[in-house]
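J.: Whole structure, please, built from the sequences with the hints as guidance.
The listed protein sequences correspond, in order, to chains A and B.
Just so we're aligned, residue 2 is where the first sequence starts under the numbering used here, counting upward by one.
Just so we're aligned, residue 2 is where the second sequence starts under the numbering used here, counting upward by one.
Because the hints were derived from the structure by calculation, they are not lab data.
Mixed in with the good hints, there may be bad ones.
Copies of the same chain look alike in the list, so a pair counts if it works inside one copy or between any two.
[To be verified] Listed next, the in silico DMTMM-like pairs over lysine to aspartate or glutamate satisfying Cα-Cα at most 20 Å (straight line):
{"id": "1", "residue 1": "Lys84", "residue 2": "Glu106"}
{"id": "2", "residue 1": "Lys163", "residue 2": "Asp244"}
{"id": "3", "residue 1": "Lys352", "residue 2": "Glu87"}
{"id": "4", "residue 1": "Lys84", "residue 2": "Asp336"}
{"id": "5", "residue 1": "Lys334", "residue 2": "Asp88"}
{"id": "6", "residue 1": "Lys84", "residue 2": "Asp347"}
{"id": "7", "residue 1": "Lys356", "residue 2": "Asp340"}
{"id": "8", "residue 1": "Lys64", "residue 2": "Glu87"}
{"id": "9", "residue 1": "Lys363", "residue 2": "Glu312"}
{"id": "10", "residue 1": "Lys334", "residue 2": "Glu87"}
{"id": "11", "residue 1": "Lys374", "residue 2": "Asp336"}
{"id": "12", "residue 1": "Lys346", "residue 2": "Asp88"}
{"id": "13", "residue 1": "Lys57", "residue 2": "Asp347"}
Remember, predicted model here, so these are calculated numbers, not experimental data.
Number of protein chains: 2
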Amino acid sequence: MKIIEGGITTAKSFKASALNSGVKKSGSDLALIYSEVPAIACGMFTQNRVQAAPVKVSRLHLKKITSQAIIVNSGNANCCTGKHGEDAALAMTEIAANKLGLEKEDILVASTGIIGIPLPIEKIKKSIPALVKNLSKAGGHSVAKAIMTTDKTVKELSCEIKIGKQSIRLGGIAKGAGMICPNMATMLCFITTDVHITRRALKLALKRAVGKSFNSISIDGETSTNDMVLVMANSAAGGDLIDRHKEDFEKFCHALEYLTSELAKKIVKDGEGATKFVEIMIKNAASNSGARRIAKKLANSILLKTALFGEDPNWGRIASAAGASGVKFNPHKLDIYIDQKRVLKDGTAVKVDKKELIDHFKKKNINITIDLKRGNRVYKVWTTDLSLDYIKLNAHYTT
Amino acid sequence: MKIIEGGITTAKSFKASALNSGVKKSGSDLALIYSEVPAIACGMFTQNRVQAAPVKVSRLHLKKITSQAIIVNSGNANCCTGKHGEDAALAMTEIAANKLGLEKEDILVASTGIIGIPLPIEKIKKSIPALVKNLSKAGGHSVAKAIMTTDKTVKELSCEIKIGKQSIRLGGIAKGAGMICPNMATMLCFITTDVHITRRALKLALKRAVGKSFNSISIDGETSTNDMVLVMANSAAGGDLIDRHKEDFEKFCHALEYLTSELAKKIVKDGEGATKFVEIMIKNAASNSGARRIAKKLANSILLKTALFGEDPNWGRIASAAGASGVKFNPHKLDIYIDQKRVLKDGTAVKVDKKELIDHFKKKNINITIDLKRGNRVYKVWTTDLSLDYIKLNAHYTT
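T.: In structure tokens, the structure reads:
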């Protein structure tokens, strides 16, 4: 696998464009990703029971196996907006389809921003012709920027693999910096690839990749109403059709997992106000679900996250959060490590040099490991600290 | 019911004292509550799987139906301290018993403070004789102060009821300001009463009262390793024995619930860095457990709590947190109210004057109501906002 420059338009026959439609006061807020040929498409969506209108429309349009474009706006989530919101999301696909000479079912739609404000659909409608007209290979980067809300960094990535004689490219962009929690991190992610693959295989590859990446991160325990990951595979690179049982499939999966993992890490590192990148590993658990619940409880513990921000080696909060997860384990067997340093052994504090411990907490990247000594299941989650800047950023989001 | 001045020593035949033993650098950190006669006792303890040594010892000593004293230290949780910790907690009861002319099983023990640091038991041992010597009626207030950690306000309360010809008194003290979440808010609470009651009845009354008070508050979603509520009823007021089926029992329950609710509210109002008192009510839920899960998800939502701090009327975060609770409901029937103002009706935003909405968020006390329109279950939780001061307070707790 080779990392290459670029993002959403590095794969063959993909173009993109972005502009300011007026949803946001300034900066681009409307974007289009387009495949010149029909692409096998699939998606994964938020688990939130309250789902935004674009989530509903994209789910519906994915009933058609191929898609050819994704239209996305930032600055407004188009959620809790009732019938008007659903009409608006549909209108976005209809007008884009009309301008591209396609059916509305060929277009997927996404939104991100504030909940409960009617989407200014007229502004968007007026901008779609220019959006279509400006489609280009060079437009990929501008789309990565247009989907940002509180993000501070552009998140895009691209890679190339060899399958048979063909060079296959995958590119991805993502947005997300807050409202991030396992079960689909709160975020948008779009992936394009020119691989020739069946839909079954693409679905499986996406499910695996998301499980190990976006579903294993948490910034604040929140799951948004608008999360989605969409992938379009347009087979423009040619070559044999890849199905689930072929060796080439594993190669493709590996590349897709690399892409989603790196984008997920970029989201965590860009976490609102984040000053730390924290890997939490639960080892030797009796079950995957138990390991996951403990990992999530730790990743979302306000007290632990503030201690991490303060570089305060108060690891008692790790033990307390694990115990409060509701998962059964023997507290007299519990071990806790900060990086490689064991601080708790069989439920009892280990005498540790405090200065040395503080040095671990002063690092940018911190590893917390819990060993339950009950089974052999492992679960890992990436998270951040909770800083003064997170509060400042989120205390005044709409005002 | 009459509110009277005082706290833990207003009921007949209770005395108390407190002093600085050196566990904390300054301020009192060791306290004793004593009944001159054996008292029916019972307790409720943390649900955390990691439990501090004093929790284990008090549970054990409650196997004896009567108790006569509670010894408690602040500044050190005596948790994750292994065999040494359990020996230390036992030693506290042994030495107090010895000085009071009692058995160690007559003494309950509690601790609050940092986890994972050996309890300096020698300092405590040396201080117990003075603690016993200083016992007095006037000592009640000093005990309420001695159990404080990050608390800014002393939490004590007392009331009187008439049962038959007897005047019955109940008094209580509590500590807690962070690590507060349903399932026994992270806190200590001690209640004394001179009522004449069976243990069965006392247990039931306590369970009811805690369910409606301490288990219905959340500051930060954390459940500590040291939580406990202990009650001693020494029958010094005389009168007929109260059992579960007597009318007088309901009278007593009502007074106890009043006491625990008021103490619980004091804890929330003293929440670390709290600037708001927020009541979250889930109405017309299909089940109690579902209502509770949604209430808890909202009370612990970092995004909602920061919006409350920022007085930002971003109620979309309420809808999003409810949807992410994992509880089934129909999002197209969801109503949300801020105080009496409906902002979401049947899943769709209601046009509201933004200035008026901001005025609601500027109030000290805010009521959030979610109407699920599915059944008739109701659950209420009291919580706070998440402020810059919370982070400042908790980022450097041990350092």
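J.: Need the list of violated hint numbers for this structure, in ascending order.
T.: Those not satisfied: there are none.
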